[in-house]
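S.K.: The primary structure of each chain is shown beneath.
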Amino acid sequence: MMPTSTRGLLGHFCTPDEALAAAARVRDAGYRHFDFLTPFPVHGMEEAMGQKRSWIPWVTGVLAICGILFALGLQYWAMVFDWPLNHGGKPFNAWPAFIPITFEAMVFWAALGSAVVAVIAGKRDTIPQPPPLLVETGATVDRFVLWISATDPRWEPAEVEAFVRSLGANGVRFVDVSGGNDA
Amino acid sequence: MSHAATTPLPPPPGRLSLPLPVRAVALLAAIAGAATFAWTLSRGEAALAWSAYLIGAFFTLGLAIFAISWLAILALSRGTWAVTLRRPTEAMTTWLLPGGLLTLGIGFGLRALFHWADPEAVAADPLLTHKSPFLNPTLFWIVVAGSLVVWIAFGAAFVRLSRRQDREGGITASLRTRTLGAIFLVIFALSFSVVSFYLLLSLDAHWFSTMWAALVFTDVAQTGTAFLAVVAGLLVARGRLAGFLNENHLHALGKMLFAWTGFWAYIYFCQYLLIWYANIPEETVYFLRRTTESWLPHLLVVTLLKFVIPFLLLLPRAAKRNPRILVPTAMLLLLGQFMELYVMVGPALGHGAEPAPGHLPGVELLVTLGFLGLFTLVWGWSLARHEAVPLKEPALAACLDYHS
Chain A
1 MMPTSTRGLL GHFCTPDEAL AAAARVRDAG YRHFDFLTPF PVHGMEEAMG
51 QKRSWIPWVT GVLAICGILF ALGLQYWAMV FDWPLNHGGK PFNAWPAFIP
101 ITFEAMVFWA ALGSAVVAVI AGKRDTIPQP PPLLVETGAT VDRFVLWISA
151 TDPRWEPAEV EAFVRSLGAN GVRFVDVSGG NDA
Chain B
184 MSHAATTPLP PPPGRLSLPL PVRAVALLAA IAGAATFAWT LSRGEAALAW
234 SAYLIGAFFT LGLAIFAISW LAILALSRGT WAVTLRRPTE AMTTWLLPGG
284 LLTLGIGFGL RALFHWADPE AVAADPLLTH KSPFLNPTLF WIVVAGSLVV
334 WIAFGAAFVR LSRRQDREGG ITASLRTRTL GAIFLVIFAL SFSVVSFYLL
384 LSLDAHWFST MWAALVFTDV AQTGTAFLAV VAGLLVARGR LAGFLNENHL
434 HALGKMLFAW TGFWAYIYFC QYLLIWYANI PEETVYFLRR TTESWLPHLL
484 VVTLLKFVIP FLLLLPRAAK RNPRILVPTA MLLLLGQFME LYVMVGPALG
534 HGAEPAPGHL PGVELLVTLG FLGLFTLVWG WSLARHEAVP LKEPALAACL
584 DYHS
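As they're listed, the protein sequences go chains A and B.
Under the numbering used here, think of the first position of the first sequence as 1, with each following residue one higher.
Under the numbering used here, think of the first position of the second sequence as 184, with each following residue one higher.
Worth flagging that the hints you see were computed from the coordinates, not collected in a lab.
Just so we're clear, the structure is a prediction, and the values are computed from it rather than from any experiment.
Treat the hints with care, as some may be off.
[As the list claims (entries may be wrong)] In the EDC-like style, the derived pairs of lysine to aspartate or glutamate whose C-alpha atoms are separated by at most 20 angstroms in a straight line are:
{"hint": "1", "chain 1": "A", "residue 1": "LYS90", "chain 2": "B", "residue 2": "GLU466"}
{"hint": "2", "chain 1": "B", "residue 1": "LYS575", "chain 2": "B", "residue 2": "ASP387"}
{"hint": "3", "chain 1": "B", "residue 1": "LYS314", "chain 2": "B", "residue 2": "GLU465"}
{"hint": "4", "chain 1": "A", "residue 1": "LYS90", "chain 2": "B", "residue 2": "GLU430"}
{"hint": "5", "chain 1": "A", "residue 1": "LYS123", "chain 2": "A", "residue 2": "ASP28"}
{"hint": "6", "chain 1": "A", "residue 1": "LYS52", "chain 2": "A", "residue 2": "ASP152"}
{"hint": "7", "chain 1": "A", "residue 1": "LYS123", "chain 2": "A", "residue 2": "ASP152"}
{"hint": "8", "chain 1": "A", "residue 1": "LYS52", "chain 2": "A", "residue 2": "ASP82"}
{"hint": "9", "chain 1": "A", "residue 1": "LYS52", "chain 2": "B", "residue 2": "GLU430"}
[Claimed, not checked] Some chain A residues flagged as far from chain B (calculated, every beta-carbon gap over 12 angstroms):
{"hint": "10", "residue": "CYS66"}
{"hint": "11", "residue": "ALA111"}
{"hint": "12", "residue": "ILE127"}
{"hint": "13", "residue": "PRO130"}
{"hint": "14", "residue": "THR151"}
Beta carbons: idealized from backbone N, C-alpha and C, even for Gly.
Could you build the full structure based on these sequences and the hints that come with them?
M.R.: Written out as structure tokens, the structure reads:
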């Protein structure tokens, strides 16, 4: 009998290719609350897990345009209206001189803004029950760890365990709140 | 990654050859270009004819120069994603020999193009006299021809190593290409800079720019990548090289094109900003002529074609992966390169007297298309001589497995 404190099930794979194949099969089997912990970014994992494209590039684009408008506006206002100065006979609205600052402001707004939004979104958009920290330290060394959360609508302990074993996973085990092995 | 190593290779695609209509159009363009050049010369418009010749010769030589430096850069950076595009790139280097000879043909129009090639003008002009130890026809021939010989030798070495790998397999050829590539890039950076001074910068013999070599290399790289993007896009769209070339490779190529487009704007504006800001007469003369009256529309068209439009078109991920968007965008960039060369060459004619006014570059375009036609024929001939994909390259599996 499995304790109610069970958080989910994990099993690991030894190669990125096995992990990709397993991810596709978990996706096709209809599981939604699952994740892969890998030692390095595995190319093609998003498609294999059935994840949608990120919406964060739109944030980056909007922030970049805001950065451009802010920098151009600030410089134009300061150099033409608020404190016009004659620099070597150049016109007050010396737009070529504004370009480097506009470019930098665009990068600054877009990059920092995207990073902040990505962190917030990462907290929000993750699966309801990620694996406890340090549950499988192999994921930072050489293991590709599949995690299926107990919150998954299709969660049925015996069935999930048999399924993950059928994928060829090693070290399949249930994980409880403490991150220990309770199977 | 290696999961393709466990899956069998797709069936070998055999050899690629240009479709007959493309060959016919290329041949017609070459004939029309040659006829236009001869006709313009015979009408006594030597400056116009030779400027068109210079634009066309440098446009196509740039494609070959890009190809050889791109092979070296990929070998050094271990860029495995482009393995299936290697043959089209190698075929581009074939143009170095015929294109180099045609470029040397500029020597016959030296007096029409370059102020410094006229001994009387040099004697009357202290600045040109001062620069004459560098800007003289003898050194022009030696440096340009010498650089071409070195590039041709390295290009041939890269291609020969690739062929040997086709026969013998193994990694030795890849390693040797890497070593040769490192040596080549150092020599190339120096020789290409000086050749770009002779062929383009010295048209305005009084003027100078420390950004010049970087700008011209960016042009060459952007245009060469655009040519490859056209080729790769058409191959994917027509399903040739299926299993070897897919939208992931297009995406990588599109990102490369996008990067060069951003970098071009950076370099071009860099040159403009510093000259505009310092406002020193001997520097501003270059942009004064190109930003006033008849040349301003041309400069604006260059900016649109080489930066604004391709930047916006290539920004979405889907655009880079879709040949229907990537190919037309790359073609716009090729047109942009022609316009930029026209804006480099055209206003410099007239040798400091009354500058040539900007016009619709009809003769220039026809002659450039002629060069491009000839280039395409040589490229297609070279491409058809070998297997379309280097099947024994050890990095092929990684290339087929590439995700972008």
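S.K.: Does each hint fit the structure? Answer for all of them.
M.R.: These are the hints, each one checked on the structure:
Taking the CA atoms of A:LYS90 and B:GLU466, the gap is about 16 angstroms. The hint holds against a cut of 20 angstroms. Straight-line distance between C-alpha atoms of B:LYS575 and B:ASP387 comes to about 49 angstroms, which puts the hinted pair past the 20 angstroms bound. Proposed proximity of B:LYS314 and B:GLU465 is supported: the alpha carbons are some 15 angstroms apart, at most 20 angstroms. At roughly 49 angstroms between alpha-carbon atoms, A:LYS90 and B:GLU430 are farther apart than 20 angstroms, so this suggested pair is violated.
Of the supplied pair hints, the one linking A:LYS123 and A:ASP28 is violated, its CA atoms being roughly 25 angstroms apart against a limit of 20 angstroms. A threshold of 20 angstroms between alpha carbons decides the hint, and for A:LYS52 with A:ASP152 the separation of about 18 angstroms falls inside it, so the pair holds. Between A:LYS123 and A:ASP152 the alpha-carbon distance is near 18 angstroms, which keeps this suggested pair within the 20 angstroms criterion. Between A:LYS52 and A:ASP82 the alpha-carbon distance is near 48 angstroms, which puts this suggested pair outside the 20 angstroms criterion.
Between A:LYS52 and B:GLU430 the CA atoms are separated by roughly 18 angstroms; this keeps the pair inside 20 angstroms, and the hint holds. With a least CB separation of 16 angstroms from chain B, A:CYS66 remains clear of the 12 angstroms interface cut-off, as annotated. Even its closest Cβ contact with chain B, about 15 angstroms, leaves A:ALA111 beyond 12 angstroms, as expected for a residue assigned away from the interface. Interface exclusion of A:ILE127 from chain B stands, the closest Cβ pair being 23 angstroms apart, more than 12 angstroms.
The beta carbon of A:PRO130 sits about 24 angstroms from the closest Cβ of chain B, which is more than 12 angstroms, so the claim that it is off the interface holds. For A:THR151, the condition that its CB be more than 12 angstroms from all CB atoms of chain B holds, with the nearest at approximately 29 angstroms.
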